[in-house]
Amino acid sequence: MQRDRATTIFEKGAAGRRAFVAPKLDVPEADADTLLPAHLRRSAPARLPEVSEPELVRHYVKISRRNFDLDTGFYPLGSCTMKHNPRLHERVAALSGHSRLHPMQSPEHAQGALELMYNLERALGEVSGLPHVSLQPSAGSHGELAGVLLTRAFHEDRGQQRHTVLTPDTSHGTNPATVTMAGYTVVKVGTNVDGGVDLDDLRAKADEDVACLMLTNPNTLGVFDPNITEIARIVHDVGATLYYDGANLNAIMGKARPGDMGFDIVHFNLHKSFTQPHGGGGPGSGPIAVSERMRPYLMNPRIVRAQDGSFDLDEQGYEKSIGRLRGFQGNYGCFVRSYAYICSLGAEGLRDASETAVLNANYLLAKLREHGVADKLPLAFGELCMHEFVLSGSPMKKDLGIKTLDLAKRLLDHGYHPPTVYFPLLVDEALLVEPTETETKETLDGFAAAIAAILAEAAEDPAIAQNAPYTTPVRRLDEAAAAKTPRIRQPIET
Amino acid sequence: MADSSYPAELLYHPEHDWAQVDGDVATFGITWFAQDALGEVVFFDPPEVGSSVTAGESYAEVESVKAVSDVVAPLSGEIIEVNLGLGDTPEAINNDPYGDGWMVKVRLSDPSESDGLLDAAAYEATLS
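Same order as they appear, the protein sequences are chains A and B.
Using this note's numbering, the first residue of the first sequence is number 1, and each one after it goes up by one.
Using this note's numbering, the first residue of the second sequence is number 1, and each one after it goes up by one.
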């Protein structure tokens with residue numbers, strides 16, 4: 001059943017109603033003009049919501065219950081790794097030693113925090129096979145920017161001006177965006193029939209003007225590229241660096257290390273592979289790990305440990321540093337949660353998480369085949385997958401008259417967050433599914449059955465999916481109008 | 001939205017672009033298949049008049065609700081006119097890809113290049 005329209009807090013309440021009444025002053029009243037110059041003060045009171053406490057609570061609880069998130073249902077969002085966030089992390093992050101830490105506190109009064117960050121750097125170095133880590137970047141995309149800026153510093157230090165960065169046509173959209181922001185030009189590399197990098201195309205495009213190749217392995221098709229050491233050789237032969245986009249690290253933690261494959265720089269998405277609530281704008285965290293030759297350019301300050309075991313922030317730590325990438329040391333709460341995850345799972349647990357993620361993805365793929373939907377939604381590349389897989393809805397569109405978007409919208413009525421649609425771009429009508437390691441067999445069975453049910457229903461009447469969803473607070477949104485004439489604020493009547 | 005169609009008087013590039021050649025001037029746009037695959041187009045980023053285009057290379061971008069995509073030039077030459085109307089009504093690319101949805105007019109540097117393009121039947125065959 002469709003629920004009522006969401007209202008804003010400004011549409012609730014009445015003049016004079018209050019959720020909170022400030023206590024009487026117990027200090028002498030001061031003249032406002034002496035506290036704040038008159039020209040900086042409002043001439044009229046701000047139009048704020050005037051609601052009672054129950055109205056206030058109900059408003060936000062009502063909104064929160066309309067949220068669909070990892071805690072309410074299956075969220076198979078490919079390439080975003082929306083994985084379960086263990087509650088233990090919240091307890092640890094809430095400990096006052098962490099939560100009440102102030103960014104201006106001196107290193108001598110933040111020894112525990114610095115030790116945690118130092119240890120997290122070591123752990124990430126171990127997972128990636130690249131020993132030198134900076135925790136500063138605030139998101140995966142920020143880590144990418146750091147990595148490409150390091151690459152620029154590396155080449156300029158050698159007196160070289162290079163102009164292009166290679167990205168495969170399966171790459172995450174952030175890769176070309178980062179390349180452009182860092183002042184390079186994007187050159188796309190093609191994909192071979194197995195879903196990996198087209199080596200001939202790479203050889204043709206790898207020249208002395210290339211600064212870097214940005215790659216993720218496994219890639220967004222859920223394919224692990226077996227030619228990775230050859231790819232690394234081709235790239236290194238022309239003097240370029242090899243960058244690892246860590247978005248898909250959830251598939252290989254404890255199994256394979258980017259450093260061992262020949263990568264020079266890795267970014268991690270702590271909020272993906274190492275758990276913490278994400279989506280909706282963060283907070284995220286995108287540390288980078290680099291090889292020995294990239295080390296001098298890392299961001300300062302560097303966390304250092306003295307002979308006596310104490311920790312400090314060394315502003316001149318990396319001799320040819322690209323400098324600071326943000327104020328303070330990064331999103332510390334994310335470090336706490338990720339460090340808790342790494343410590344509680346251990347090396348074996350991280351490996352188990354990756355193995356189970358890959359097993360779950362392949363189980364779901366097999367289950368879909370068992371339901372007989374593979375001819376309508378075939379796997380785009382290969383037979384098996386890593387932690388995620390890409391289906392093509394092209395035959396479904398041709399045979400049943402419903403698009404991937406229609407399938408995604410109808411999944412909402414079945415109580416599932418839809419997978420990523422229309423990405424990667426090289427797959428027609430793409431559906432990118434990632435189930436993660438903590439989902440149960442019953443959940444995966446239910447999801448496969450829902451897809452089978454939607455296709456069976458569409459064979460009878462495609463209009464049902466074409467007009468879905470029916471059970472959500474709003475029906476199908478006009479995406480074209482939202483992009484062309486966005487309405488991003490609610491007018492307030494005064 | 002119109003039914004799928006590939007007018008016989010146009011020439012086609014396998015990257016889903018069409019060209020209507022008139023002497024040494026050609027009009028370019030994207031095919032019905034391309035606009036259908038893109039979904040609703042919300043923005044057209046035009047090239048500048050006077051800039052040159054190379055056959056097989058991108059000369060503009062279209063943004064749909066799904067993605068931003070390159071538009072490939074079927075033939076080489078210099079841009080002499082841009083369909084500025086698409087700024088206000090990019091949906092014309094969906095509604096009338098061969099008419100109001102035209103993108104640029106180009107003075108061809110080598111009209112014989114058009115011998116390399118596909119006719120409607122050959123293009124349609126690549127889609128199946």
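What the hints contain is simulated information worked out from the structure, not anything from laboratory work.
If you're wondering where the values come from, they're calculated on a predicted model, not measured in any experiment.
Treat each hint with caution, since some may be false.
Per the computed footprint, the stretches of chain A lying under chain B, defined by three or more beta-carbons under 8 Å from a beta-carbon of chain B, are [what the hints assert, rightly or not]: (1) 100-112; (2) 179-192.
Within a straight-line C-alpha distance of at most 30 Å, the following computed DSBU-like cross-link-like pairs (lysine-lysine) qualify [said to hold, decoys possible]: (3) A/62 to A/12; (4) B/105 to A/188; (5) A/62 to A/255; (6) A/320 to A/398; (7) A/12 to B/105; (8) A/484 to A/188.
Every residue, glycine too, gets a C-beta built ideally from N, C-alpha and C.
Status of the hints after comparison with the structure:
| no. | hint | result |
| --- | --- | --- |
| 1 | 100-112 | violated (count 0) |
| 2 | 179-192 | violated (count 0) |
| 3 | A/62 to A/12 | 13 Å, holds |
| 4 | B/105 to A/188 | 27 Å, holds |
| 5 | A/62 to A/255 | 43 Å, violated |
| 6 | A/320 to A/398 | 57 Å, violated |
| 7 | A/12 to B/105 | 55 Å, violated |
| 8 | A/484 to A/188 | 28 Å, holds |
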